[in-house]
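Enquirer: If you want the building blocks of each chain, they are given just below.
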Amino acid sequence: MTSPSTTVATPARAGVATRPFSSFLSRHPRLRLTFLLSAPLLWLVLIYVVALAALLVTALWTTDAFTGEIQRTWSLDNIRTVLTESLYRTVTLRTLGVAAAVTVIDLLLALPIAFFMSKVASPRARRMLVVAVLTPLWASYLVKAFAWRSLLSTGGLVEWVAEPFGIQTPGYGLVALVITMSYIWLPYVILPIYAGFERVPDSLLEASGDLGGSAGQTIRHVVMPMLVPAIIAGSIFSFSLTLGDYIAVNIVGGTNQMLGNLVYTNVGAANNLPLAAAIALIPITIMIVFLAAVKRTGALENL
Amino acid sequence: MILSRRVRWLLAGTTVLILAFMYLPLLVVVANSFNPNQAMTWPPDGFTLEWWQRAAQSEGARDAVLTSVRVALIATGVALVLGTLLSLALQRFEFFGKSSVNLLVILPIALPGIVTGIALNNAFTGILDVQLSIFTLVVAHATFCIVTVFNNVQARLRRTGSSLEEASADLGAGVWTTFRLVTFPQLRSALLAGGLLAFALSFDEIIVTTFTVGAGTTTLPIWILSNLFRPNQAPVVNVVAVVLIIVSIVPIWLAQRLSGDTDGRR
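Line order of the protein sequences matches chains A and B.
The opening residue of the first sequence carries number 1 in the UniProt record's numbering; numbering runs sequentially from there.
The opening residue of the second sequence carries number 1 in the UniProt record's numbering; numbering runs sequentially from there.
No lab work stands behind these hints, which were simulated from the structure alone.
Keep in mind that a hint or two might mislead.
[As the list claims (entries may be wrong)] Partial chain B-side listing against chain A, Cβ under 10 Å, derived:
id, residue
1, LEU90
2, GLY174
3, ALA215
4, THR218
5, SER248
[Said to hold, decoys possible] Computed footprint of chain A on chain B; a stretch qualifies when at least three of its residues, placed anywhere within it, have a C-beta under 8 Å from a C-beta of chain A:
id, stretch
6, 67-74
7, 100-106
8, 139-146
9, 175-181
10, 229-238
[Stated by the list, open to error] Listed next, with one range per pair, are the computed distances between beta-carbon atoms:
id, chain 1, residue 1, chain 2, residue 2, range
11, B, SER162, A, VAL228, 21 to 29 Å
12, A, GLN71, B, ASP63, 39 to 47 Å
13, B, VAL7, A, VAL228, 18 to 26 Å
14, B, SER100, A, VAL57, 15 to 23 Å
15, B, GLY126, A, GLU163, 50 to 58 Å
16, A, THR81, B, ARG180, 53 to 61 Å
We put the CB at the ideal spot given by N, CA and C, even for glycine.
Looking at chain A on its own, in the form it has when it is part of the complex (with noise of 0.2 Å):
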């Protein structure tokens, strides 16, 4: 740290004189910021927003039901049908049921071992506890839900292993979907988690230990206010994740839908987009509305 320093100070002196446009930088915070939003805001607006927007619009399109061409003109016909169709809300529950489940699952799992990775392990210890918890995000996400298929099947390792004790698979259905999405989710709930704990100093804990606060209390009024963030950060990637599945689904789903199936068979199979387009505003609302609801906790800034 105090070798550049020493280094440093001659050098950017002369910068002064000889580079007049990085002082002039220096001088200007306003121009300096527009240098580095441009950039990035331009990337994101221009593919996300806009293809955002499209979206939008196609949603208000309808196809012709013989050609399949779409039809730019204006209707309501979409939103309409997803709106007030049973099938859509009892899937759109069922989403939405099997996303909160998995992001419960996930957290209860995942707030245990955060802490102990933080603050209970040696740092040895703690070291290759990241490394343990980092190592199955590689495996792809085809082969672990595929491996749960392995493990629920008839004649796989959990019947094997329950068997004895009277216990069956579940099968393959809503259990197995909840099953294998927390598992598959779960590093991404770890990860964010166990950099919130790690960011509550440990002398507040000492501190709230030394002034006679339980460990209960401590985690009560010490560690959680600091938490939340990354337990909100977590639980997003665990929701939305799991909101637009449609693959996990299908390996181990059984025969249910979730709303990401019927997007994608009203691209493919069907070839409707603008209703694929309509359905697709459910999760993009649902999403919208949590969004919001964390704003308000300041949890979006600490993401």
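Chain A is already provided as a structure; the job is to place chain B on it using the hints.
Expert: Here is chain B on its own, set in the frame of chain A:
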């Protein structure tokens, strides 16, 4: 915090159980890669190296891995640049619309993959009239990778504060010099962690990929998806998965070592 011995042991026990839950399916994948039974029933029927031999000879798998690595590297590179610029702007400046920009960065990952997928697909093919290709794939991946870099860098910037940068400016260093010699070294391990996560995210992404990839391009997840349900190919997929897990330990371990070192100095 004062934790009784019992609580500590309870926590350790829970951690072991959760890790067992995380690794058991992976171990089953490993076991299945040696299992002669294609239906992958448990316990394995015996031991065979046939799948490993077939995987070693599989050109499809090798090409798919190379494509995925290439896409993930470029997408991570773009995300590193854009994510760092954004986090510097949001962490070091106050401006109107700051929270909207914040929301804009997390939107591509906060909205489900299928939404991002069809939105981009529709924009590329319907509006811009661009052929889907490896290029559109990289653009799509980079868009949702920005957020992981952004998160990591922003957390680091918040922790380090701006006093060193101000000192550097007071001593006469230009904007670029300050970034190169003061800010960047402080960010290095955060960039590594963010970049690694972005790479993993891109490497494994299947839903957005399905909607934004060109017809002739096969990334690893696409190769896996097209082979998973073919009985005499599924065990080869297991082998590829096992190899990936083993290979991935090296960069993760290195990144952990590097960030661990800076944490020790703090």
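Enquirer: Need the list of violated hint numbers for this structure, in ascending order.
Expert: Of the numbered hints, 3, 4, 6 do not hold.
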